[in-house]
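Chemist: As a plain string of letters, each chain reads:
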Amino acid sequence: MSNSNYYNVTTWPIGDPFTDVGEVINSIIADIKDRQTATDENDGGKPGAVIYLPPGDYRLRTQVVIDVSFLRIEGSGHGFTSSSIRFNVPEAEWPDLHELWPGGSRVMVDIPLRDDLLRDDESQGAAFYVERSGSPRISSVEFSNFCIDGLHFTLDGSELPAENSYVNGKTGIYVASANDSFRVNGMGFVYLENALTICKADALSVHDNFIAECGSCIELRGWGQASKITDNLIGAGFKGHSIYAQNHGGLLITANNIFPRGASSIHFEGVTRSSVSNNRLHSFYPGMVVLAESSSENLVSTNHFLRDHEPWTPFLGVDNGRDDLYGILRISGSNNSVIGNHFSEVVDAQSIRPSGATPVIIRLAEGAGNFVSNNHVVAMDVRSASSDSCFSAQVDALLTTGASDGLAVTAVLVDSTSARNTILDSGNDAQVIADRGANAVRATPTVGFEAAEATQSSQGAGIPR
Amino acid sequence: MSNSNYYNVTTWPIGDPFTDVGEVINSIIADIKDRQTATDENDGGKPGAVIYLPPGDYRLRTQVVIDVSFLRIEGSGHGFTSSSIRFNVPEAEWPDLHELWPGGSRVMVDIPLRDDLLRDDESQGAAFYVERSGSPRISSVEFSNFCIDGLHFTLDGSELPAENSYVNGKTGIYVASANDSFRVNGMGFVYLENALTICKADALSVHDNFIAECGSCIELRGWGQASKITDNLIGAGFKGHSIYAQNHGGLLITANNIFPRGASSIHFEGVTRSSVSNNRLHSFYPGMVVLAESSSENLVSTNHFLRDHEPWTPFLGVDNGRDDLYGILRISGSNNSVIGNHFSEVVDAQSIRPSGATPVIIRLAEGAGNFVSNNHVVAMDVRSASSDSCFSAQVDALLTTGASDGLAVTAVLVDSTSARNTILDSGNDAQVIADRGANAVRATPTVGFEAAEATQSSQGAGIPR
Amino acid sequence: MSNSNYYNVTTWPIGDPFTDVGEVINSIIADIKDRQTATDENDGGKPGAVIYLPPGDYRLRTQVVIDVSFLRIEGSGHGFTSSSIRFNVPEAEWPDLHELWPGGSRVMVDIPLRDDLLRDDESQGAAFYVERSGSPRISSVEFSNFCIDGLHFTLDGSELPAENSYVNGKTGIYVASANDSFRVNGMGFVYLENALTICKADALSVHDNFIAECGSCIELRGWGQASKITDNLIGAGFKGHSIYAQNHGGLLITANNIFPRGASSIHFEGVTRSSVSNNRLHSFYPGMVVLAESSSENLVSTNHFLRDHEPWTPFLGVDNGRDDLYGILRISGSNNSVIGNHFSEVVDAQSIRPSGATPVIIRLAEGAGNFVSNNHVVAMDVRSASSDSCFSAQVDALLTTGASDGLAVTAVLVDSTSARNTILDSGNDAQVIADRGANAVRATPTVGFEAAEATQSSQGAGIPR
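Protein chains in written order, with UniProt numbering: chain X, 1 to 465; chain S, 1 to 465; chain F, 1 to 465.
Calculated from the structure, these hints are not laboratory results. Wrong hints could be hidden among the right ones.
Label-pair ranges, simulated between beta-carbon atoms [stated by the list, open to error]:
1) S:Pro13 x F:Asp16: 53 to 61 Å
2) X:Gly321 x S:Trp94: 50 to 58 Å
3) X:Val89 x F:Lys33: 15 to 23 Å
4) S:Thr417 x X:Gly321: 24 to 32 Å
5) S:Val89 x F:Ser384: 53 to 61 Å
6) F:Pro161 x X:Val89: 53 to 61 Å
7) S:Met1 x F:Leu97: 23 to 31 Å
8) X:Lys33 x S:Gly134: 46 to 54 Å
9) X:Phe18 x F:Ile85: 50 to 58 Å
10) S:Thr11 x X:Glu159: 22 to 30 Å
Partial list, derived from the structure: chain X residues whose beta carbon lies under 7 Å from chain F [stated by the list, open to error]:
11) Pro54
12) Gly56
13) Glu99
14) Asp208
15) Gly340
16) His376
Because the structure is a prediction, the values reported are computed rather than measured. All residues carry an ideal CB built from backbone N, CA and C; glycine is no exception.
Produce the complete structure using the sequences and hints provided.
Modeler: Here it is in C-alpha cells:
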C-alpha cells in the first residue's frame, strides 16, 4: 500500500510496467480505492491520485478499468511520430531510419484482438476503459501528456496494405458512463482504430492534444453538453471522423488544426447550439463538415476550409465515397449560422464527380432558417493552380484571368427540402442556387456593381425595398 | 532550509499540510526568501520556487501570503465535482454516493469567517493573498493544476437553503497589488464566493481552468492591460459574474465555454479595445454580456449566445432581476463592433417581463458609433421548442411555421441616448428598432427580397448584374 | 548511465548545471542515445526522455545540440519579468528593486558572442540548437515551462542605449532541419535577439508561451505546414516580428495577445491557406499585419487591431520606418479573406507621415480576388482621444462630433496593381479608394442611408451616394 497519492508505474511493486502496464495501473487503482476511506467527517473526501509514466515503452496487455474520480494519469511526452510514413517506407530501408516507433511516455496497446476485426463495440479493444454506475457521475479523470500507440493496423484483404487500413479493433480511451469535468490534455494518439471515444460527457475538455493516424480521432457519443474541443492537432483516417459528436448541446470546437484524411473533419448528428469556429480544416474529400440529423442553431464561423486532392501515392484513389455535389459543408438542420468562413477548393476539373458537375461548397440539404453570410469561396482547377513553391505563377494567372475564373462552383446550393434560409454575400448571383421565393438571397456584388446601382437608381423604378 | 527550489508540502518539516497547508506554504515562502540572497553579480537572480501539492485533502486555516515573484504552486488535479448537485441530494442518500467532495490536489478553505458574511473586502477571506509594494511589480506567480474548495455556502435566512446561497465570505485567490505575467492554468475552483480576483493585472493569463459553482468566477479589478482569459470552463452563481473586468484595455476573452448561472456571463465596466470573441455563452437571464460605463472600441464577435430558462428545481424562480427588455447583449459605450454572433433565445412567452413585452437581444443603450453586423437571432417560445431529445418535432414546426416565427423579438434596439450606430444584416426591418435618421440601418433581407429587386431593375435600366 | 528516462539537471553527475547547463544537458542527451538500443523486436522503440530543470539560475555556456526525437526539456516556471523596464531604471535605484532578473527555471544564455553582432546566422548564438539529417524527420521535441534569458542587449553606438537595442546575437531555440510534431508550451523568452526560430515545421504547436522583449519572437522559416501558434502573449522589439512565417500552408494563428513593439505583429511571406483569426493585436507603427510575397487564400478574421503611439520615453522617436500610407493591414497576394476585424487607429494627426496624408487602414497592394468584408474602423486624433481614465470625455466628444469624425482615414485602399477584389461594408463611400470598374465595392451605409434609399426609390432622384 502506498503512503502517498503519487504513483510511478516504474517503482510500483506489483507487476512489470514494461510487460503489462495495464496490470500495474489496475493494481494502483485498487490501492487508491483501498486507501480512500474518508467519510464526510471534517469535510474529508476521496481525492484520487496521480499515476506517472516516465518516458518509456510500456506494453499494455490488460485493459485499464477506471471507476474512481479524480484520477490523473500523466506522462512526459506525447511522443508522436508518423507510423504511416514509416510503414510505407520499404522494409529494406528501415535499418537506416533513426527510429521506427512513436516515443515519449508510450503505452503500446497490445490487448488480445477480438475475432471480429470490424468492430461493433470498440470498448472491448480499449486500452483505458472508464465506467462507473450510480451517483455521482465519475468526475475529473485526467489524461495528460502521454502517448497511446496502437502499433499496427491489421485488416488484410482490402485493396490497401494492412498497415494502411486504419483497422485494428483498438481504442485509446473509451468512457462508457456519464461523466463530468474530464480532461484530456497534451496527449498523443497514433495507430488506433478509435483514439478517444467519450459517451455522455458534461463539461469535458479535450485540449492541446496530438491525435493523428487513427481511424477516428474524437467521438462524443450518446449525448452531452457544455464541453470543449480546443487547440488540438487532429487528422483521422479516410474511414472515420476527426471529430464526431452526437446529440450534444453547447459544444465548443475552436482553434483546432484538423488535417487529412478523415471522411469528415467534423461530423455532427443531432447537435444543437454548438460552435465550430475559428478552426483550420483541410481534407481531400467533400463533406468536410457535416451537420446532420437536425443539427440546429449551431454557429460555423471564421473557419478556413481547404479541400484539395490526395497527394500521397499510398492512398491515391481512396476517398470517402461522396461526390462533388455533396457539399464541402453540408447542413441538414435549422437555424444554423454560417458566417465569415473561407473556402478554398482546389481540384482537378477532370476528376469531378459526377463528371462535368459543378462542385458545391455549402449545401443546405434539409431544414429551415439557416443564416449563411459573408463566406468567401475560392476555387481553382489544380491544373492551373500550383504548388506552394510556384504560387506566383498562379497569382499571375489569376491576375490575368480573374480570381474566380479558375473553377466554376456553386457557392451555396439550397435544396427544396430546406427553406426560409438567408444567404448573404456568400457567392455571386450565378453561384447561389436557391429558390428566391423561398429563401432570402443577396448575392455578393461583382465588379461593376456600383456602376449598375448608380444607373439603376438614377433611372429610378420606385419599388419600395 | 531546503537545498532545492522544489518543495513538496507533504515532506516539508514545518507544520502539517493536512491540518493547515497555509502554515506550511507560508513557511516555505519564508525559506525561499531566506535562501534568495543573490545580488546582481554574475547576473544572478532570485528564481523563486515551485511548491507541489500531491493529490490529497489539505485543510487551509491560515491565509497564504505571497510576496515573492516566480513562485509556482502546483498540484496534480483540478478535482472538480459538483458540490451543488450533492448538497441538493437528500442527506439520507449521501451514504449511497461514491464521493461527497471535490478531489485532486484539494485545498479546503477553512479560514475563520468574518462577522459580516456579506463581504465588503473579500481579500480577508482569501486562501491565497498576493501583495507586494515597491518595484518592480510582482511577476510570474503561477497557480497550476490544483483545486480550491470553499466547502460550504453559508448564508442562512434567504429564500434558498444556505448551501445554495453562493455566499461564504471565501475567496480562492486574491491579488491586491499591481502584477505582471501571472498565470492561472489548469486550476479548479468550487464553492467559493469569489474564485479568482486580480487587481491591476498586466499580461495575465487565465487559461484552461475549471471555475464553477462559485459566486463570481473571474474578476479583474482596478485596471489592467494585455491580458487573456482563454479556454476555460466557467459558470458563476446567480449573484455574480462569470467574468468581470474593470478599466482594462487589450483584454482577450476567447474560446471559453461559459455556462449558467451568472448574473452576467461577461460584464465590462470601462473596458476598452478588448475582445470577446469565439466564446460559447449560456445563461438563464437577460444581460448575458454587458458592456457598461463607456466600454468602447471592443470587439464582440462570433460568440454563440444561448439564453433559456432555469431548468433545475432548486433554483426555479431565481434570476438576476433584469427584465426581457434589458438586452441579452447590452452596450453603454461607443465604437464597439458586434459582428457575426449567433443568438438563441428560448423562453416561455408567458413568462416574459414586462408581460407582453417583446424581448430585446442587442440593446445599444448609450454611446455612439457602434457597428453591429451579421448577427443571427433565433428565438423560440419554449412551449413550441423542445428538449434536445425531440428536436425533430421542433424542426418540423419550424418548417411549417417559419424559423423566426417562434417568438417575436427585437433583434436590435437602439435607445435615443445612443446614436450614429451602424446596424447591418442583424435583423429584419421590423426587428431593428432605431431612429433611422440617427443610425445607419440595413435590415436583413427577407424572403422575396431579390424578387423585389429584380422587378426594380427590370423596370429600371435592365443592366445585368 | 541513468537507469531511468527522467533526468534532473541538478542531480546529474556530469558537469555543473549552475555554471554550464549546456554541458550537462548535452551529456544527458549522449546518455539517452547510449541507452536507446532497441531494435524493432517486440515493437520496442526509442522513447526519448524528459530533462527537468527545477526553478533556479542555470548559466548556459555551451550550446545544447538536440538530435534525438521525443526529448522533453521542462521546468517549473516561465519566469518572465521585464528586463526592459529594469534596464531603464537609473542604476542608483537598483538596490531598491525587489529583484533584477527574470526567474523561474531560468537558462541564462552566455555563449561566446560572435564577432559580428549584427547576425547573419543566428543559429550560432542559439542556446538550444536542433538538427538531424536523414529519416525520419526529428519528432516530438518539447520545450515546456522554463525561461530562456538572453541577459543583455549589447549593441553600442546606435541612438539607443545598448540595453534597448534588441541586439545581442543570441537565440533561444533554433531548429534547423525538417521536424514534425514539436511543442513549445508554457515557456518564457526574454532579452534574446531571436526567441524561437523554427525552419521546416510540420504540425508544430507553439502554445501558451510568454515571449516578450526579444528582437523577434516567433519565426517560421523555409517552409512548413499544418502548424499552430495559439494562446500566447507575445511582443517583439521594434526591429523584428512578433510572428513571422515564410512559405507556410495551413498555419493557424489564433487567440494570441500580441503587444508592442514589433516592426510587424504578424508578417507573412509566401504564406497560403492559413488563418490569422481572433487575435488581439497592438502596435505603435503601420504594417501591423503584412501578407507579402503572394501570400494568398488566407483568412484574417475577427482580430482586434489597435495602432497607437509609443508612450514610453526610452523609445520615443523609434519606429519601423513605414509611413501612414503603408496600411495597418497590407496585402500583396490574392484570394485572401479579411472579415469581421475591428481596427482602432489612435494617432496624433500632426505626426502623420507624409504630412497631411490620410492614413490607410487596409491596403491591397498587389494581387487579385481578395474579399474584404464587415470590418469596422475607428480612428481618432490622439489630441481629442483620451486615456482610459477619462474615456468618458472622449465619448462625450464622439456624441457631439460623430464617431468617425475624429480622424479621417482611408479604410480600404486598393492599388491599381490589385484587382477584382470585393470590398463590402468596410468603410463608407469616401473611405474606400478603389477603382470601381476593377473591384466590387459596397460601401458601409451611413446615417440617412435608409431615408435616402426611400427617397431615392420613391423619387428616383439621383441622390448621390
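Chemist: Is 46 to 54 Å right for how far apart the beta carbons of Lys33 (chain X) and Gly134 (chain S) are?
Modeler: Roughly 50 Å apart at Cβ, these two residues keep to the hinted range, so it holds.
Chemist: Range hint 24 to 32 Å: satisfied by the CB atoms of Thr417 (chain S) and Gly321 (chain X)?
Modeler: 58 Å, violated
Chemist: Given Gly340 (chain X) as an interface hint, is the shortest Cβ-Cβ distance to chain F below 7 Å?
Modeler: 4 Å, holds
Chemist: Given a hint of 50 to 58 Å, does the C-beta separation of Phe18 (chain X) and Ile85 (chain F) actually sit inside it?
Modeler: 51 Å, holds
Chemist: Is it true that Val89 (chain S) and Ser384 (chain F) lie within 53 to 61 Å of each other by Cβ?
Modeler: 60 Å, holds
Chemist: Is the interface hint satisfied for Asp208 (chain X)? The criterion is a beta-carbon contact with chain F at less than 7 Å.
Modeler: 6 Å, holds
Chemist: In this structure, is the beta-carbon distance linking Gly321 (chain X) and Trp94 (chain S) contained in 50 to 58 Å?
Modeler: 53 Å, holds
Chemist: Does the Cβ-Cβ separation between Pro161 (chain F) and Val89 (chain X) fall within 53 to 61 Å?
Modeler: 55 Å, holds
Chemist: Just to be careful: measuring from the Cβ of Glu99 (chain X) to every Cβ in chain F, is the smallest value less than 7 Å?
Modeler: Where the cut-off is 7 Å and the nearest Cβ of chain F is about 5 Å from Glu99 (chain X), the hint holds.
Chemist: Please check whether Met1 (chain S) and Leu97 (chain F) have a Cβ separation lying inside 23 to 31 Å.
Modeler: 24 Å, holds
Chemist: Does His376 (chain X) meet its interface restraint, that is, does its C-beta lie within less than 7 Å of any C-beta in chain F?
Modeler: For His376 (chain X), the interface hint holds, since the closest Cβ of chain F sits about 4 Å away, which is under 7 Å.
Chemist: Please check whether Val89 (chain X) and Lys33 (chain F) have a Cβ separation lying inside 15 to 23 Å.
Modeler: For Lys33 (chain F) against Val89 (chain X), whose Cβ atoms are near 22 Å apart, the range 15 to 23 Å holds.
The structure is inconsistent with the numbered hints 1, 4, 10, although it conforms to all the rest.
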